[in-house]
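J.: Using the sequences provided together with the hints, build the complete structure.
Be aware that the sequence shown starts at 1, since it is given in the working numbering, and climbs by one per residue.
Since the hints were derived computationally from the structure, they do not count as laboratory data.
A quick note: this is a predicted structure, and the numbers were derived from the prediction, not measured.
For every residue, glycine included, the Cβ atom is placed at its ideal position computed from N, Cα and C.
Pair by pair, the computed Cβ-Cβ distance ranges are:
no., residue 1, residue 2, range
1, PRO66, GLY108, 25 to 33 Å
2, THR102, GLY55, 19 to 27 Å
3, ILE122, THR36, 18 to 26 Å
4, PRO37, GLU4, 28 to 36 Å
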Amino acid sequence: MPTEDHIGTAILQTLTVEEARALYDVNEIVLIDVRTPGEYAYEHVAGALLAPVSGFDPARLPTGGPRPLVLMCGSGVRSRLMAERCVEAGFERITHVAGGFTAWKAAGYGYLGTDTATGAHIPRP
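T.: Right under this line is the structure:
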């Protein structure tokens, strides 16, 4: 069950990697990767959008759609900070993934990695 922190009138929700994957697999969320462009280029969840911390602007996120946004980073620290920034910008609800991409990989969930010999993205594991 997701955890929720109330910040003023806003809700900052935290999903486990298992919860995030279950929702992502049935296309119920929009996954936003906030890691650096280099981290994302090297490996990322297929279909995740990139909004790196270095230029993160809550006003530029794809809001208004039927699916909630879920932020993910490498460990859950940067995504939590960017979720807090979203709350400061007026979001009523925002979600992030505890453990981030590291937990995603540790759980054995699929992602796109880079073949260092060719630079091509290849499905892992």
